[in-house]
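Engineer: Read off the chains here:
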Amino acid sequence: MIDKIKMIGFVLVFGIFWATALVAVDTMTGPRIEKYLLEKKRKKVLEALVIPYEKDSVEQVFTSNVKTEQIDGKEIFTAEDGSIAFEFAGPGSQGPMSGVIALSPGKDALKGIAIITQSETPGLGSRVLAADNLKNFRDKKVVPELAVVPAGTASAENEVDAITGATLTSNAIESLINKNVKATKTLIGQ
Amino acid sequence: MKWLYNLFESSKPHFEKRGKLAFFKPLFEAIEFIFFYPPARTVTGPHVRDPLDIKRYMTIVIVALLPSICASIYFFGPRILLMILVSYAVGGLVEVLFACIRKTEIHEGFFVTGILFPLILPPATPLWVVAVGVFFGVFFGKEVFGGTGHNIFNPALVGRLFVTIAFPTILTTGWTAPGAWRGAADAVSQATPMALAKTQAVFTPVADLLIGIPSGSAGETFRLGIIIGGIFLMLTRVSNWRVPISYLASVFVMAFVIGLFGGIPSAGESAAPSGFAAAFNFGLFNLLGGSVLFGAMFMACDPVTSPFTVPGKFIFGIGCGVLTVLIRVFSGYVEGVMFSIVIMNAFTPLIDHIVLSMRYRGAEAS
Amino acid sequence: MKFNGGYNVMLEGEPSTGVAPYQKPEALHLPLYSDRLDFSLLEVEDGASVVKGQVLARDPVNFSVPLLAPMAGTINLKFAERHITIEHLSASSDSETAEVGDVGDERQTLLRLGVWSSLARLDTNRVPDPERTPEALIVSVFRFEPFLPSPAAILKDGAGDFVSGLDRLHKLFEDAAVYLVVPESDSELKGQLAQAASSNSWLNLFEVPQTYPFDHPAFAAQMLKLSPKRAWSLDVQGVIAANQALENNRPYTKRMVSVGGPQINQPCHHHLPIGYPLAMIIDRQSGAECRIVSGGVLTGGAVAPSQLGLDIECQGLTVLEELTGREILAFVQPGFTKQAYSKTFASVFKPLFKEKRTTALGGESRPCVFCGFCEQACPVGIIPHLIYRYLDKDRPEDAYRFKFDKCIDCGLCSYVCVSKINHLKLFRAERSRAVTELIEG
Amino acid sequence: MNLKELFGKKGAKTVKNGIWREHPISSATLGICSALAISNKVENAIAMSAGVIFVLILTAIIISLLRKIIPSRVRIIIYMITIAAGVTIVDLVLKAYFPIISEAMGPYVPLIITNCIIMGRAEAFFVQNPTKLSLLDALANGLAYGYTLMAIAIFREIFAFGTLLGVRVTPAGWVDWVVLAAPAGAFFVLGTFLWVTRTLAGVEPPKKS
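Residue numbers (this note's numbering), protein chains in the order written: chain H, 1243 to 1432; chain U, 41 to 406; chain C, 397 to 837; chain D, 2 to 210.
Keep in mind the hints are simulated off the structure, nothing from the lab. It is possible that part of the hints are untrue.
Partner residues aside, some chain H positions facing chain U, computed with beta carbon under 7 Å [as the list claims (entries may be wrong)]:
no.: 1; residue: Ser1335
no.: 2; residue: Gln1336
no.: 3; residue: Ser1340
no.: 4; residue: Ile1405
no.: 5; residue: Thr1409
For each residue, glycine too, the CB sits at the ideal point set by N, CA and C.
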């Protein structure tokens, strides 16, 4: 009996000691972690809205250029020129994908896209989502729909060139954009 | 041939136990025995033996591949010859090194791997990728398992799989149009029939597929030649007909069923064609398009990596066929032959085990 | 009945059914050993004179079966190791045969006159116990393995003896059923046998395709679902000898022996006494190095150079040339002259022909590649390469789990093997181990 | 310099065993999971090794100090608490100060808890030996884990990204071996590593029953 009490007592003391230590570490690191996560999201929003920022000036650029509002629990970021940005998530070709889509003030064309997470085939599908390639999506019409067409054949205002060998990822991002743009437009009543 | 014989005889002492080159004895013997058979006799009964040996057995496979090899050179230029050369050189090096270190004979299985590997690559594959792939295939696909006869996966497919996931860009863009090497200065890249069907719902006509007009892996485009070679292999009993036939039949049936239920990819807004005729065409396209024929005739039926029991062979073939169509229709990849065969290779011991335990159910250990 | 597998090895030099004239030898050299027997108990002394049918030695392990003197003469034990030589042979008539003791029961007669040692138990292939009785007796009337004596040659003028011999054995073995293994094709002989079978309910014909090894008694026992423990086999000569022993008290000392193979000038049958000098019957074509195989070329054993005369169990001799040369690029030659199990040689375009074979292994030993030829050729439907793998790993219990006990040692799996694996050798070693264990345990 | 002079006879043996003869990865096949996942970049490998070494040392100190008063029935729980706390600290610190590395390592930092090397050494060594020896053992095993991870990571980073610690080391026209960036590629590298080190160290393969 005494053994058992000793045992429980030891575990208790031991646990409390570590719990205290962990709380201390958490208090020390917590604010930094939160700040980092917020900054990361803001960076992506700025990227999608094509607003330039410096490494150290994310917070300042964001607060001075972007207004955040909540519509039905979804965050809509509005830039000064009237263009809006919103987060999206959905299935890619190999796994889930998430990011930020920005629409032009007229809400009929893409302003830009930024990817937060993706799991496309490295070197293949992921090339579609590389920042350089995402530039090709800028200013493309989403009315009636954005279309990804075989490489070298884009001509109309709503067409984007696909990357050879990565057609499936291109198709996935195309349908994600169209779906999310439509949903958001209904949400904001346009 | 007398001079050659004398040459071998005179250089033999160097490779004996005390000789300077004793390490390379397996290589020397392999080369010698290619030209002059070892004077091996039977010791106990049976006192006479069938004249077929592994060397000829493997040679027959290469003979069956000749139409495909010739067609690939015709379509894609002498570059293919270089690819074959690199494949043999690098793969042979691995094989010889292992044999020398292990002090065993050099086994003939590599003759087939070395020629199969370049034939399942896109024709514009850089030579160094061929070298990396065949090195990997022979090393990890065969030698680490203990060499010919002990491997679980088809070495050529292991190599192909490795380069596919290692160099996806190269391996998915190396499709040059057949015959283009003679005209344009730069080889023209062209989407394969399977990619066209999956992304744009464009189905290449059957006649084109048979002759080899659309692009594809080096050895898979001239499908008439593959059919001839495959039938030759089955007739000579080197490949067991059960695997290729059940594979091809199940691909057709599976694609037909999927076609009947409207699984045919469609371009843009227009609804997918449906109905009996469309399903039949979809089945036929799946049977001939891509590398199903090549895979069924030359890769799946590899006796070492497919089940040895008769029902097992059917199960294996049907498994390959079903997986191939499922991967083609429902996955992110346009072609599923390679994956399906490798997956079924992994199931081979299990299939054999189940078939045997059912066949010998009542049997008790004595 | 369905027959799977089997294959006829097409070897040049099949013995004709004619019997070569008998030439009187200088001396007889009787080996004291044979495939199954070992006559370690000598009953004669050096220099003694013997009469025909006298017991020279006995095998103490196998129920004291005797080695009988085929002719009268003088014994010389020193002429050759493990041989009894009979010199100064005198032409003897039947009246001069050894004295017959009291005529015991018929089994003792068969034992004493040297017939019993021709019987074999199907499960162990050993000489059966004279105290026991089989449920069935299987007699194979045809042999497809190259080259064993053709029953047609033996039965040319002994068909009557054969049928009455069967009748006597049937009665001796307390109404045991007798099965005759005969080929499917019709022949005069088969007609006679069918007639005998129709009038005797105990006599059954078992028809098989004319393919090796469907003539094997153990195969017949399996197909007929007879217990191999209770079935015995006897060859055609043994049946005739049994009849003559029981009817005329004649000792079984002369055999019909076939001599064939690519190296023999005139392949034919010989009717010879045991111990007949081998040198006198092997009429070779050339001086090339040769191997003499006793029994069929698939299952028989090579005759040692030290063996001088016919041993007691020898049925046929096949002479093969030993391989000496080295073939150049054999694996890419079309192969119009090579008979093969697979269809990988151009000879498939030619009608069947008999090939002049040597003892060539035909390739190099390699690991199994699971080509499946052994399974296709196997007549009893087992998977030889699987069983080989287990036996090679010294796991016999697994081999028996996959029906190794059905194997009849026909040797076809080893014959067709692409990787030149000798399954037969390992299978036989395991079987003899199992038999020894059975007897000792 | 001599190991024996430095650490004494027992200490030298402990260090040698940990670093080479009883190498935790190649001889005991422990810690494979993280070795496969976190060896794609040298940067990550360093962070992971540092994390593991930190937790190992922490565990070694605490367990060996308390080894005489830990009730044997709850010792596993005690190990767990110690390891888990150490890992949480590492995780939080990484998240706060090295967020990019933390993201690259994903769930594998919390999974250090299940790294069998730590648990294994705690049970096999720390709980039975004085603090000084335990510290040496922890260091040796941590180093062994670290250099293995580094060796694999150097190979993988060069081939899979063409860089070393983020600096481009490959010639122009280099094509990345994408497969080596994925855990599947790590299997091949780790397998070959095990094969080579086991052959060199003379580790016998387990006998078949």
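Engineer: Measuring from the C-beta of Ser1335/H to each C-beta in chain U, is the shortest one below 7 Å?
Structural biologist: holds (5 Å)
Engineer: Less than 7 Å between beta-carbons is the criterion; does Ile1405/H satisfy it with respect to chain U?
Structural biologist: Given a least distance of 10 Å, the restraint on Ile1405/H is violated.
Engineer: Holds or violated: Gln1336/H as interface residue toward chain U, Cβ cutoff 7 Å?
Structural biologist: holds (6 Å)
Engineer: For the restraint on Thr1409/H, tell me whether the closest CB of chain U is nearer than 7 Å.
Structural biologist: holds (4 Å)
Engineer: With a cut-off of 7 Å on the beta carbons, see whether Ser1340/H makes it to chain U.
Structural biologist: violated (18 Å)
The structure shown violates the earlier hints numbered 3 and 4.
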